[in-house]
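A.B. asks: Required output: the full structure, derived from the provided sequences and hints.
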Amino acid sequence: MNISYRWLKEFVRTTTTPEKLADALRVASCEVESIESWSEKLKGLVVGKVLTVSPHPNADRLRVATVLVGKDTKTIVCGAPNLAEGQTVVVALPGVTIHPVKGDPFTLSESSIRGMKSEGMLCAAEEIGLALPSEGILVLDESLVAGTDFAKAAGLDDIVLDLEITPNRPDLLSHIGIAREVAALEKKSLAEPALASFERILDAAPAKVTIDDPSLCLRYSAVVLEGIRDVPSPLWMQARLLLSGVRPISAVVDVTNYVMLELGQPMHAFDLDRLGDTISVRSSHRNERLTTLDGIDRQLESGDIMITGQKGKAVALAGIMGGATTEISNGTTRVLLESACFAGAHIRRTSRRLGLRSEASGRFEKGLDPEQTVVALKRAVYLLQQVADVKVIGGLIDVYPANQDERPRIHLTFARVQQLLGIHISAAETKSILQHLGFQTPSLTKSSFDAIPPSWRRDVSIPEDVVEELIRIWGFDRLPAALPSGVIKAPVPNAYFNDKRRARRALAGAGLHETVHLSFTSLQTLEKMGEPASSCVKLDYPLSVETEYLVPSHLPHFLENYAGTNIKETTYGLFEIGRVFRAPHSEQERLSLILRGNDAEELYRVAKTALRRLLAALERLDDTYELVSTEDGPSQLVAGSVLQISVKGVAIGYLGLVKPEIISVFKIRSGRTLLFASLDLEKLLATAPVHLSYRPVSAFPGIERDLTVIAQRSMPASDLLRLIESAQPSGIERRHEIVGIFAGKPLADNEKSFTVHFEYSCPDRTLVDDEVNQDQNMLTALLTEKLKVKVG
Amino acid sequence: MNPNDYLSTIQAEVSRRLAAGESPDQLRQEILGRKGELTLILRSLSTLPLDERASLGQKANLVRDSLEVLLTAATGSQAVSTGDLPDITVPEYPVEHGTIHPISAMVDELVAIFEDLSFEVVEGNEIVSDRENFENLNMDKDHPARDGHDTFYIDPTTLLRTQTSAIQVNEMKKRMKTGQMPIRIIAPGKTYRRDSDATHSPMFHQLEGLLVDTQTTFSDLKGILAYVAQRLFGDDVETRFRTHFFPYTEPSAEVDIRWKNGNGEGKHMQWIEWFGCGMVHPKVLERAGINPKVYQGWAFGIGIERPIMVRHQVPDMRILFENSRHFLDQFGQNL
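Which chain is which? The protein sequence lines are A and B, in order. So in our numbering, spot 704 of the first sequence is number 704, and the numbers just go up one at a time. Take any residue in the second sequence, note its place counting from 1, add 792, and you have its number in our numbering.
Just so you know, these hints were derived from the structure itself, not from any lab. Fair warning: there could be bad hints in the mix.
Here are the simulated lysine-lysine pairs, DSS-like style, with alpha carbons at most 30 angstroms apart [stated by the list, open to error]: (1) A:K683 <-> B:K969; (2) B:K1075 <-> A:K431; (3) A:K489 <-> B:K965; (4) B:K1075 <-> A:K446; (5) A:K608 <-> A:K659.
A partial selection of chain B residues facing chain A, derived with a Cβ cut-off under 10 angstroms [said to hold, decoys possible]: (6) F944; (7) D947; (8) L1013; (9) A1018; (10) F1037; (11) E1042; (12) H1118.
Predicted, not measured: the structure shown is a model, and the values here were computed from it. A virtual CB, placed ideally from N, CA and C, is assigned to each residue, including glycine.
C.D. replies: Listed below in structure tokens is the structure:
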């Protein structure tokens, strides 16, 4: 909503600068997006008269004009098709900076265009920042005097505040609404707009209006005017429309728009001779169609509010856009001026369905004030009478089924105000604030009051609403910063959430990088993954095809991430904790990780290390932790490469190698071995954490030994570990781990070696070498025999 | 010199001779060696009368231990002083730790602040019903405020939550029913809106806060949020409330922050918009089965991306979700 500073001051005599005003409004009323000084923007532009127009000697499309600018005459080359002798135009002389609607401002200099000197530029509306469609230069009213300052002459030397109004405050979509806020903030009085006076004269009007369904239309007021001529509106009015971003068209249309911007009430002018004298408001019939003012034929649905004319034929889409058949034209002499209050929900639904939004629909859909329709009509007639010699025929047409607007009476105690805000606002202040905002405050005592909101404040219905009015005008900045004083319960920790925090730290500590990807994916990506789209969640109205589905797994984002980088490191790993989604609308929180490299076995070792760190950090690492080869991993992983992860007998996830064909289709070029693991976090964290019980620590020294086992390449490490496990010594304790795996020279090509480290101990005595040697010899014999390995 | 005198003076004598540059090894040999002075004294103890033997023996042992320490330390320092230095400029091993995403780090930081204020953490689903996301929050089907929530629908009644406030009514209902009043909760999580530009991402994060008690005021809300802003951004930060509209709070406000002294490291002296808050609307309390005549409360929904962008001067929100290695590598400080 653009607010003209000068227009605003017609209603409230503020002396506050626009900047200070914006600061105050921003805190108390609505967001101020920008403050624009049009005097600055149009600085230096002058009014010119085109004296002569002649062809450009060297260019067919250009012409050369001599333009009177004050006492001087300038020669200006111009390409506009509408250039003609006698026109009053906007001239930018060298040195002037112009601010086009699109693009950066630029400063003009004297130039030569195709060999002709040009001493300036004739401006189109868009070139000087006026958002008007133009097919050439801006042609001004001929009454403007050549050489005068354009901004001043055209009434554009104003400052415009661009406000963003929240949907609860349609009353602020008007100059008077903003003026009322300023009046309340500055404790000033509000001026009323000048109105024409005419009353309702029963049955005297030349048109009859009926409302079929009062739930669609709270009130329909209208007046018939004759003596309409196709004249432009006065310059000052055009200027204000322009500053509001509305295009001036003709006096009648301009006045309806002016009143909307001034009072917030949308209006529509019908050509009465084309409309007929029987008007009705009803819901649309099924399959009904209407061609709106913009020339588009529209399919209507039940619930759309229609204005009908002769024979019940639809002539306008109420509150949104008029119809083409009853549009006023240059031949129009009699109009019916409509000022109605339509049901906001219906307007909103229709306007959204048709994708048709207008200044009017944007106001109606927020719920307007039925008490304003007649005021707006009187204001419009007043303005039209100033502009053109129009006459009201018959008097006011006013159909108001409810006949009056029931205003709530809201009771409040000052104790309650204090209970909500934590501060005391005095009775005098309360009265002043509310009355400035148009509220009545009957029954005001030291301890309580009633508040009756004005008809335009339909958003105020409960005590809390009134409290908000008080605090925002009284001043948020005066509100002290306190701290809650209530009872504090012992907080219940969220173990699941805390475990996620620990998981992140463990995995980052293990060298992995956490990612947070958008939850969206595309059909194309799902196809690359071999995921049937039907099993995934599809959005109704996505931002783009790239974001049409919700991810069923973390894998595709990881793959896309890798495809975008060219990292050579063998173990550049990522992890993510987040929800994945499945049709129809289920979600599951998973923790997934991926490692990239060239050596698959190395990736398994790194992944298993990371998993151990993770489980240890989550206190879920005990003897029940198991990795078992499984056939039923996800289809994206290489068959036979998948290990199922389980804890306490519960399968909680898997890890395995990503299929080479998937890696190819995601165009990952280097580091083409990928290991993916994914865990069902909720399942994992639902298992009981490990309980740590103290075991006596042996006071006697242990003995350490290493064995090197040279095996065939094809022998899995698990064979070795399982066999060692199976042959425990008696009477002494033995722990073992593989501390090295090696392949290459001096070993044969088909060989590899494992270095196994052993620790022997005994809780109650010192070990002797003999018993350890005995066990080592036993193991050597066992391994050699069962696994056909060389042991050294 | 009698043994007693010897024991009393030998420590000082050794110190002096060490300081004078004598070799500790040689001194050790001379005093503690097989035929060393102190060794001989210890051996001669058996010839002494019993009472003398005990006291002198104790003393001799003590002195021997002390001299060991003295000579050992001297041996070490001598090695260094003779110029046999390690290269102390050797580099550390390449750091192999990973990183935590700045969004998680910011959530953790905020959660820690609110935990200090006795708030409990809850989490909700990202796919929710129209009722949870809108109707429970006082936004009926045709409410114009829905326009501000460009919603991703999955079907006519199911959608991706546009705000973490979608958890409010469910949580309040549960806690009221099970007698867990008053309520102090926060709910961090992902939220979604159809919007994408430098300051909007179709997926973003919020941290919902909700306090419901028999007495808690708008001033309390202001105080808590001012505290949170200072914990997060430093004591130099000011907060202000600015009027706004949310159908589920009344009165409502938006919270802006600015720095009293800007220094260019993301410390803005202009007000910057951060998030919305307000007193819980009585209708929302009623929806949760809570009597608004007995209880009142306040709620807020802190945007997570904004403070990250401000603090680390990230120019475009979408960068946070690209997860490029070079971006992630910059956040390895908070493990």
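A.B. asks: Hints first: check each against the structure and report whether it holds.
C.D. replies: Checked hints:
Our distance criterion of 30 angstroms between C-alpha atoms is met by A:K683 and B:K969, whose separation comes to about 27 angstroms. Under the criterion of a C-alpha separation no larger than 30 angstroms, the hint pairing B:K1075 with A:K431 is consistent with the structure, at around 27 angstroms. Proposed proximity of A:K489 and B:K965 is supported: the alpha carbons are some 18 angstroms apart, at most 30 angstroms. With a C-alpha separation of about 28 angstroms, the suggested pair B:K1075 and A:K446 falls inside the 30 angstroms cut-off, and the hint holds.
Between the alpha carbons of A:K608 and A:K659 the distance comes to roughly 19 angstroms, so the proposed pair stays at or under 30 angstroms and holds. The beta carbon of B:F944 comes within 5 angstroms of a beta carbon in chain A, closer than 10 angstroms, and the hint placing it at the interface holds. For the restraint placing B:D947 at the interface with chain A, the shortest Cβ-Cβ distance is roughly 7 angstroms, inside the 10 angstroms limit, so the hint holds. Taken as an interface hint, B:L1013 checks out: its beta carbon lies about 9 angstroms from the nearest beta carbon of chain A, inside 10 angstroms.
With 10 angstroms as the threshold, the beta carbon of B:A1018 comes within range of chain A, its nearest partner Cβ sitting at about 5 angstroms, so the hint holds. With its C-beta approaching chain A no nearer than about 4 angstroms, B:F1037 sits inside the 10 angstroms limit, and its interface hint holds. The interface hint given for B:E1042 is met, as the beta carbon of that residue sits about 4 angstroms from the closest beta carbon of chain A, less than 10 angstroms. Checking B:H1118 against chain A: minimum C-beta separation of about 9 angstroms stays under 10 angstroms; hint holds.
Of the hints listed earlier, there is not a single one the structure fails to meet.
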